[in-house]
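Undergrad: Now for the letters of each chain:
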Amino acid sequence: MKSEKSTIETSQIGQNVLIAEYCVIRANVKIGTNVIIHPNVIINEYVEIGDNVEIFPGVLIGKEPKGPDILSRAINFEKRVKIGDSCSVGPNSIIYYDVEIGNNCLIGDAVAIRENCKVGARCILGRQVSLNYNVVIGDGSVIMTKSHITGNTKIGNNVFISVCVSMANDNNFGSLGYDEKLIQGPVIGDYAKIGVGAIILPNIRIGDNALVAAGAVVTRDVEKNSEVMGIPARHIRYLPPVGRK
Amino acid sequence: MKSEKSTIETSQIGQNVLIAEYCVIRANVKIGTNVIIHPNVIINEYVEIGDNVEIFPGVLIGKEPKGPDILSRAINFEKRVKIGDSCSVGPNSIIYYDVEIGNNCLIGDAVAIRENCKVGARCILGRQVSLNYNVVIGDGSVIMTKSHITGNTKIGNNVFISVCVSMANDNNFGSLGYDEKLIQGPVIGDYAKIGVGAIILPNIRIGDNALVAAGAVVTRDVEKNSEVMGIPARHIRYLPPVGRK
Amino acid sequence: MKSEKSTIETSQIGQNVLIAEYCVIRANVKIGTNVIIHPNVIINEYVEIGDNVEIFPGVLIGKEPKGPDILSRAINFEKRVKIGDSCSVGPNSIIYYDVEIGNNCLIGDAVAIRENCKVGARCILGRQVSLNYNVVIGDGSVIMTKSHITGNTKIGNNVFISVCVSMANDNNFGSLGYDEKLIQGPVIGDYAKIGVGAIILPNIRIGDNALVAAGAVVTRDVEKNSEVMGIPARHIRYLPPVGRK
Chain B
-19 MKSEKSTIET
-9 SQIGQNVLIA
1 EYCVIRANVK
11 IGTNVIIHPN
21 VIINEYVEIG
31 DNVEIFPGVL
41 IGKEPKGPDI
51 LSRAINFEKR
61 VKIGDSCSVG
71 PNSIIYYDVE
81 IGNNCLIGDA
91 VAIRENCKVG
101 ARCILGRQVS
111 LNYNVVIGDG
121 SVIMTKSHIT
131 GNTKIGNNVF
141 ISVCVSMAND
151 NNFGSLGYDE
161 KLIQGPVIGD
171 YAKIGVGAII
181 LPNIRIGDNA
191 LVAAGAVVTR
201 DVEKNSEVMG
211 IPARHIRYLP
221 PVGRK
Chain V
-19 MKSEKSTIET
-9 SQIGQNVLIA
1 EYCVIRANVK
11 IGTNVIIHPN
21 VIINEYVEIG
31 DNVEIFPGVL
41 IGKEPKGPDI
51 LSRAINFEKR
61 VKIGDSCSVG
71 PNSIIYYDVE
81 IGNNCLIGDA
91 VAIRENCKVG
101 ARCILGRQVS
111 LNYNVVIGDG
121 SVIMTKSHIT
131 GNTKIGNNVF
141 ISVCVSMAND
151 NNFGSLGYDE
161 KLIQGPVIGD
171 YAKIGVGAII
181 LPNIRIGDNA
191 LVAAGAVVTR
201 DVEKNSEVMG
211 IPARHIRYLP
221 PVGRK
Chain U
-19 MKSEKSTIET
-9 SQIGQNVLIA
1 EYCVIRANVK
11 IGTNVIIHPN
21 VIINEYVEIG
31 DNVEIFPGVL
41 IGKEPKGPDI
51 LSRAINFEKR
61 VKIGDSCSVG
71 PNSIIYYDVE
81 IGNNCLIGDA
91 VAIRENCKVG
101 ARCILGRQVS
111 LNYNVVIGDG
121 SVIMTKSHIT
131 GNTKIGNNVF
141 ISVCVSMAND
151 NNFGSLGYDE
161 KLIQGPVIGD
171 YAKIGVGAII
181 LPNIRIGDNA
191 LVAAGAVVTR
201 DVEKNSEVMG
211 IPARHIRYLP
221 PVGRK
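Chains as they are written, first to last, in the numbering used here: chain B, -19 to 225; chain V, -19 to 225; chain U, -19 to 225.
Misleading hints may appear alongside valid ones.
Copies of one chain are not kept apart here, so a pair can be met inside one copy or by any two copies together.
To be verified - SDA-like, lysine to any residue: derived pairs with alpha carbons at most 20 Å apart: (1) K(-15) <-> A7; (2) K204 <-> Y26; (3) K(-15) <-> R6; (4) K204 <-> Y158; (5) K46 <-> N32; (6) K10 <-> M(-19); (7) K(-18) <-> A7; (8) K(-15) <-> E1.
Source of the hints: derived by calculation from the structure; they are not laboratory data.
Here chain B stands alone, though its shape is the one from the complex (with noise of 0.2 Å):
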């Protein structure tokens, strides 16, 4: 059942599927099958929506990064976006173009995930969590509500990330324009976890299994297995190795 009252430009659009009032689904858009959209979401050119998805109210995917007039990072991409199949999107997100979300994702109430981002299969981003640009995220991880992933980090599969939890990728405060060799977010290994409001600075390596306390600010390295707390962050004891517990 498509409204009559939104704007369909598309033709690729699989069976039953439900499309509300006061949507734009624009041309060059391919749509699974048993999908659901509500109303008032955008969906421009490109995009490819998996089955069984559900996009909620005034969700917009589709999003051209601004160019660099006045950003220091030239914005190269190439107006794509793909929503894995029994993934739900929810109200008011939005989503830029050169975005790949795995099957069976949950993605919160506004949430943003800027361009050239690879979130995996079977991922919670939490509401109001932001994806920064490059990042790229495992199989299985979860980043919770508030959450600021900052541009060019790596998470691994299976990770846990607290709510409030905030990083940066840049020691220079933008001063020095945009480099990539520079410009650099954390490296997060698999199974580690991230505790409440903790603050990871730029290029930082969290191992695997490792755990941040809530709180600490991680200024250097946490070595895989450890468990990291205070500001800042010191290794306080090792963990067993995820599988051992």
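Assemble the complex: chain B is given as a structure, and chains V and U must be docked to it using the hints.
TA: What follows is chains V and U alone, placed relative to chain B:
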């Protein structure tokens, strides 16, 4: 005045109600008298709006929580929402099902309220505040911009929570699944005050009229009338009981 | 090209303006030349948009601040907004009345700007940034994702505020009501840099070219050219004045 450009399926609308353009009001919605509904608002089935309420653009009221397929927590809900008299609901706010908001509340911009929350009368929820599931807030409490209230939290009357406060409810980082005995947010007493950027760990009791200083990380219970500070938060002094200042 | 599916009440629209579907442009709005307005945008009365502006979906410009019935602060406003030339306003951003944005600003996704704010030219306000009431920002300043600028704050020229920075303006947690002599946010000098997750307390002066390290809690004034760190923030070293590096 009801715009012909909106979709209005319900008939239970009081006197002197304005519904602007591109709204969707589903069936079985009850709207009181003297209500203003701005454009692009979506109100789903079984929502009840009191008298003298103003709902700003882009608001969604009545969102079904997503099922448990990739969440560890099973979600039951009755599919009802009640917004009290003389409330204001800010632009782009998202209110799930099984939420009750008391009279005379100010819900700010882009607030997100999950299922099964109960907010008392005369509360203020600031911009981008998030309430997770099963949060209970008393009367006259204020939660300022960008603070996050974790699931299963109890907040008393006349509590003041400053901006960017965060909380957690699970010391196991999701690794043991959802067990409501283990997953418990803070319990915050009447007249307590929580400073900017404070972090409160799971299952903490904060006594009546206690004060948590800015940036503190609260790892242990806080006595009533106690002011705590630092990381971890420690007792500094006792405050005069409320009413004796 | 103006979509027939939008509601356009004003006639003061320049050449080469695109207004997409399901927009509401009220009377007495002025729109310059070469402006792009994406779907679902709402522009209320007495808003003025410059030339070469792009406004992304779901934006609301011109929100009346709510009255003082449950707020302690009386709100006066003139009901005007001015967005300068060549600005971009990101999806779902909310701009209240009595706001002035200079030329060439980039307003990110889901930014919220309260009444009586003035932003200079060539500023960047990152995603989910919130400016409370009466904030003044100079030219060329950058406020990154999720930072919150409290009411009655002054930010100079070429300031860099990293992600997730928070501030307060009331040492009395609202308990004494609103008195503008008591309710004062920080004053931040030109070229100052504030690190990720820093917290700045009410009425703090941060000097020109000062640097606040990540995670610091600033409880006392910071001298110009001083780098401060820790909780509470302490002076670490002097930085070379701007222009001498």
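Undergrad: Work down the list of hints and note, for each, if the structure agrees.
TA: Hints, one by one, checked against the model:
1. K(-15) <-> A7: Classified as both: same-chain Cα gap 17 Å, cross-chain 18 Å, threshold 20 Å.
2. K204 <-> Y26: neither (41 Å within a copy, 50 Å between copies)
3. K(-15) <-> R6: both (14 Å within a copy, 15 Å between copies)
4. K204 <-> Y158: Classified as neither; 30 Å inside a copy, 26 Å across copies.
5. K46 <-> N32: between (31 Å within a copy, 13 Å between copies)
6. K10 <-> M(-19): Within one copy only: 16 Å inside a chain, 26 Å across chains, cut-off 20 Å.
7. K(-18) <-> A7: both (15 Å within a copy, 18 Å between copies)
8. K(-15) <-> E1: both (5 Å within a copy, 11 Å between copies)
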